[in-house]
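Sequences listed follow chains A and B, in order.
Adding 358 to a residue's 1-based position in the first sequence gives its number in the numbering used here.
Adding 358 to a residue's 1-based position in the second sequence gives its number in the numbering used here.
By construction, these hints were calculated from the structure, which means they are not laboratory data.
Some hints could be false.
When chains are identical, the list treats them as one kind, so a pair holds in a single copy or across two.
[As the list claims (entries may be wrong)] Derived pair list, reagent style DSS-like, types lysine-lysine, alpha-carbon separation capped at 27 Å:
hint: 1; residue 1: Lys595; residue 2: Lys626
hint: 2; residue 1: Lys595; residue 2: Lys468
hint: 3; residue 1: Lys761; residue 2: Lys719
hint: 4; residue 1: Lys576; residue 2: Lys459
hint: 5; residue 1: Lys822; residue 2: Lys626
hint: 6; residue 1: Lys952; residue 2: Lys595
Next come the chains, spelled out residue by residue.
2 protein chains.
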Amino acid sequence: MKRIFLVLYLSILTSLSFGQQGPTWIWYPGDFEVWLSNDMQNRRTERGTYFPPFWKMDSHYVLVEFNKEFDLPNEEQIQIKAEGIYNVKVNGKMVSGMPDKLILKKGKQKVNIKVYNQSTPPALFVSGKNVNTDKDWFVTYEDKEWIDETGKASDASGTTYSKVGYWNFNRMDQIPSQFKLPTQLQKAVYQSKLNDGVLVDFGKNTFGFLTLHNLIGKGNISIYYGESKEEALDTAKCETLDYLNIIQSNKVDSTLLNSKGFRYAFIKNSENVNFSDVSMQYEYLPVEDRGTFRSSDDELNKIWEVSKYTMELTSREFYIDGIKRDRWIWSGDAYQSYAMNYYLGFDSNTVKRTILALRGKEPTVSHINTIMDYTFYWFLSIYDYYLYTGDDEFIENIYPRMKSMMEFCLNRRNHNGFMEGLAGDWVFIDWAEGLSKKGEVSFEQLLFCRSLETMALCAEILNKPDDKLLYSNISTDLKDKFFKSYWNSEKNAFVHSLVDGKQTDNVTKYTNMFAIFFDYLNANQKDGIRDHVLLNDKVQKIMTPYMRYYELEALCVVGEKDFVMKEMKNYWGAMLKQGATTFWEEYNPSKSGKDHLSMYGRDYGKSLCHSWGAGPIYLLGKYFLGAKPTSAGYKTYDIEPYLASQEWMEGKIPTPKGEIDLFVSKNKIKVQSPIGLGTLRIKSKTLPKSNHGAFVKQDDHTYSLELKSGISYQIDYKSL
Amino acid sequence: MKRIFLVLYLSILTSLSFGQQGPTWIWYPGDFEVWLSNDMQNRRTERGTYFPPFWKMDSHYVLVEFNKEFDLPNEEQIQIKAEGIYNVKVNGKMVSGMPDKLILKKGKQKVNIKVYNQSTPPALFVSGKNVNTDKDWFVTYEDKEWIDETGKASDASGTTYSKVGYWNFNRMDQIPSQFKLPTQLQKAVYQSKLNDGVLVDFGKNTFGFLTLHNLIGKGNISIYYGESKEEALDTAKCETLDYLNIIQSNKVDSTLLNSKGFRYAFIKNSENVNFSDVSMQYEYLPVEDRGTFRSSDDELNKIWEVSKYTMELTSREFYIDGIKRDRWIWSGDAYQSYAMNYYLGFDSNTVKRTILALRGKEPTVSHINTIMDYTFYWFLSIYDYYLYTGDDEFIENIYPRMKSMMEFCLNRRNHNGFMEGLAGDWVFIDWAEGLSKKGEVSFEQLLFCRSLETMALCAEILNKPDDKLLYSNISTDLKDKFFKSYWNSEKNAFVHSLVDGKQTDNVTKYTNMFAIFFDYLNANQKDGIRDHVLLNDKVQKIMTPYMRYYELEALCVVGEKDFVMKEMKNYWGAMLKQGATTFWEEYNPSKSGKDHLSMYGRDYGKSLCHSWGAGPIYLLGKYFLGAKPTSAGYKTYDIEPYLASQEWMEGKIPTPKGEIDLFVSKNKIKVQSPIGLGTLRIKSKTLPKSNHGAFVKQDDHTYSLELKSGISYQIDYKSL
């Protein structure tokens, strides 16, 4: 009873302190994220062996100065806690010792606190009546506050201050460097003895720490994990395992220190070691349950649910690729996780953390994850983030790192102004057999062009006309050259690449489909691409859900939503039929049985829970429920619901301020939005009727209605 | 007895492993140095308050890959220890687990070990019969070893490998991150009760950890430190102190955790706390005793000895400025420590460590210590290091960082190609009243020019003709412009600065004296500067031993050695008369009593043990004993002894290979060198006679003799 009361009490405190703009732990922006991402990404193991990333990992600044000015109505006491040793100045005067409490006088008070910590990011928490660490504190890694021989301090005019980084560490005892994701008990659904061991099944793919109950004895335990039963039982080839050496004289419940992503665990013990039961601590990122989707189509609902669970498992400290193998942050994979997230948890903090972690720190010596396309997705992700959230604070914060990243790219252009893979650059595009990376690949130029446009847009948001002009000019030139170089009017398509300055014969889907949803094309070109590329069986098929996502998006844009629904049900539905509890890294319908499990030349190399498998969340939210912002943060937005083969569908679309609630059947639409000014656009045989406002006819069968926030619209119409 | 045996045994092991090219701990070059220098420099306190540096502190790479290829005559077992978690590959194949032992097969074996550690620098120790970590391993922070979907690894051709960093951690249990300087017991020479406390005098300035013996009770102890008795007793104003809260029921000998630089400690305790005695643990850098100086002049000998002790105290993990206050690494101060070191311990490792720590890591965003002149001294120090040691391995190692530092400087030139203080730049030059830093200061251009020449020299050493040409061209242009802009033939001097493109009237000593020993001048210009600047009482006097050092060097070069000897005895002799046990940060003969102790507007602000106070070591070694290398590493060298007011002098001058032994009286010289080809040049009334070789007449009274290594020369001459 007492304990429950305490928990309630704490959560009240937390919500109160939010309301009061209460204190939060602060750090140099990106430093906690860089540090935590290093920690997370270096937890990968392969058959018990530590498996490190192959790109540069950055570090936090070890010495940073935080400051803010206050005008206090009264004297007040503040409390100070830091991760690291620290020095406090008030109005430029050093305070003696390393005070954890301090009285600030009435009136103007400038507080500077400098924190040093080599092991973990210097972080600060100050709480008082008015003086609290919050997002509006400033920070620098170099205050240049030298004093001359007379004792006069420098003017420090060369010092660059930026706004601090922060997250949700809103209590003094929530030490940032001690951050751990929460866990909860998960029991196995099935256990059986076989092959001198125990096979434990948790019923679906999961992530966390195995617990052996009533463990006792002296000897060895081997645990072989599998996303499939085949993998767990194949002790010689399974991708992850734990070898334990047990010396335990009394029975204990022992939970492993290393987390794994798995569904099955096959456990073998030597003679003198025993345990009674196996469970696990499920480790997860708490994300608000916001976006939903339900329809008359059970298979589609299942696809959405499994996509959601795939997202749940791959949304962690950061958005990762897959739970079994890499557990790394890949920019291209994360770019899709962000987009799905906008239709699911709308968890801005995890998007920001991931963008910061991927960027890392100066100097920039390689592409993000060493992959050229992944650098470009990083740029694109920032504008998307702004469009969905309207968070210009973050654009301001990240813009200097965008500029330096773009500088890096611009310096790597070849004599034609194109991006070509230099030594050490990975031109990825997709996992696809025989895909050429040679010469000037059109896909990279397209993403590069879009990245430059993103720079111009961000420069505009931040009111930097010179930058805007600079990036606009470069992107306009590049776009022009891109069309001239790659568009082939005989093929009605962009070709894959130039080699030695000449178009190759090869046409692949990538450039063509991206050009569609980047809105780079006229109607003729779009139709040409649809017919000659997207719907052309002779063009190399896409095998990864990763690029499948973009392919289906492009088809939605060119009006092939029925086709997309069929494909979606076929492709993701087929994985469900194969028993998928989460969606896969790659799915090839022509394979069967154990062959589905292999990749990278390894029998169980394929990830069966891969973030990019969760694409239906995005497609269903954006193109079937049909909601998307048209200006930043849903200030304006469109809803164009499309009922494909379903009788009805309903869902919630999260926005920065509550959810848009939508129900669509063949003759009824209900919609209510908490935000902005929406435009509902539907096709109907007759003029639809609404309980509020009036529909306007757009063309033959298209009608639009202006949606105001807070109003519950009930609409009658007749679907075509 | 047993303990002594053990110590001997260990030292034999150490020397044996040197002989065998035994293993040593390795890391990414500069990373240990950066990490350790952060640690050291953040130990500064001011009256008990932590006092951090104001410039950017860098970090180690948290994830690095070490590798080397071997051709093994037989199978061998290796032992592996790392600071951090690690992954081992042999011939590209991952070894299971995190092995501390491993069998390598006969034949070609490529060992790659990747270590991750966020808290302290990733470091590695491997020992085997042939496979040992040593200076020839390679390291990278980014191996770019991605694999494609078929399992094929990238060619990693974009990866930059460099040679590893290392020092003297030659045993597996000498963990780099646990490095501490050694300590030894030092007893107080005097203790007396006064003012409700105990004043303890250690007889001379010292550095270390105070020990309170038989400490018991519950209450407070306050310790006020002083380099002077006045400071220790002035509890309200002394610069360093410790406040202790004691809860101790049994008597213990308690040693403080924080080191201090001091001579006196004034200790006050509250009623219920007692201790019986006070001693200290003297903390020091072990440096070989190599350079010596002795003469018939006791005062001069004392000046040399006190200089040596000043160097001993300020040579620590790195060369620091002073022991009481900053305890930071300042490039300008260190530049002099290096030079003194070449005539004292010839401790190359500490020079290298300090140069690496000062440089820090990319990106370069400020001048070193934020001071423009200090960046230039850093360049100069590298060429000096090469000249004295001949260590081209280090030049190769540091050259990329020199290039990027120079890039930073070149990008900061103004429209005239001159360096002018930009926002946040500190133009220091010297502590001197009213010294103008406005406009284009001639002193900075001169150092800049010399730095560019250093770049060209290093490019030549490393056989990089393009770089050599680039830097030579810029330096030649700059030198030309420097003479045209600043030389004033009416004043027979360089003026201090240009403001708005026009020469200011001001003539200061700095530029003029540096131009002399940079050998930028013709004989007329030299004479002009000597008469109109150096020996001109109307020109602002230099008050710091820091610039005094260069002033006296310039006077030596223009043939004023008698004058210099007089000045040296006057200036440093006067500090001795004031009771100095170490030399000071600043000495102004016109001050008296307590006024000598103040600086920076604080009563005890002045450091009484400052590295730049030890200049006589350098002046006596280079201009009176008169030995200096003329090509790298004493391959060739000059000895031009000059007996000023002394009857005789003798000394040892360290070289990379033993010491040059020299005795000089008015009619006898004895000299023996272990290295290179020397030229002894002396003034004599008649042709000097040598037991080996023959003197050659150079001009009226100057004769030279070729010195071969290993021969004991006995020379008779008649001094002028």
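Hints, one by one, checked against the model:
1. Only within a single protomer do Lys595 and Lys626 lie at most 27 Å apart by alpha-carbon distance; the minimum there is 15 Å, versus 70 Å between protomers.
2. For the identical chains of this complex, Lys595 and Lys468 are inter-copy neighbours only, at 25 Å across copies versus 61 Å inside a copy, given an alpha-carbon limit of 27 Å.
3. In the homo-oligomer, the alpha carbons of Lys761 and Lys719 lie at most 27 Å apart both inside one protomer (13 Å) and across protomers (21 Å), since each shortest distance falls under that limit.
4. Proximity of Lys576 and Lys459 under a CA criterion of 27 Å is satisfied inter-copy only: 23 Å between copies versus 51 Å inside one chain copy.
5. Taking identical chains as interchangeable, the C-alpha atoms of Lys822 and Lys626 are never at most 27 Å apart, the minima being 63 Å within one chain and 61 Å between chains.
6. In the homo-oligomer, the alpha carbons of Lys952 and Lys595 lie at most 27 Å apart inside one protomer (13 Å), although the nearest pairing across protomers, at 79 Å, exceeds that limit.
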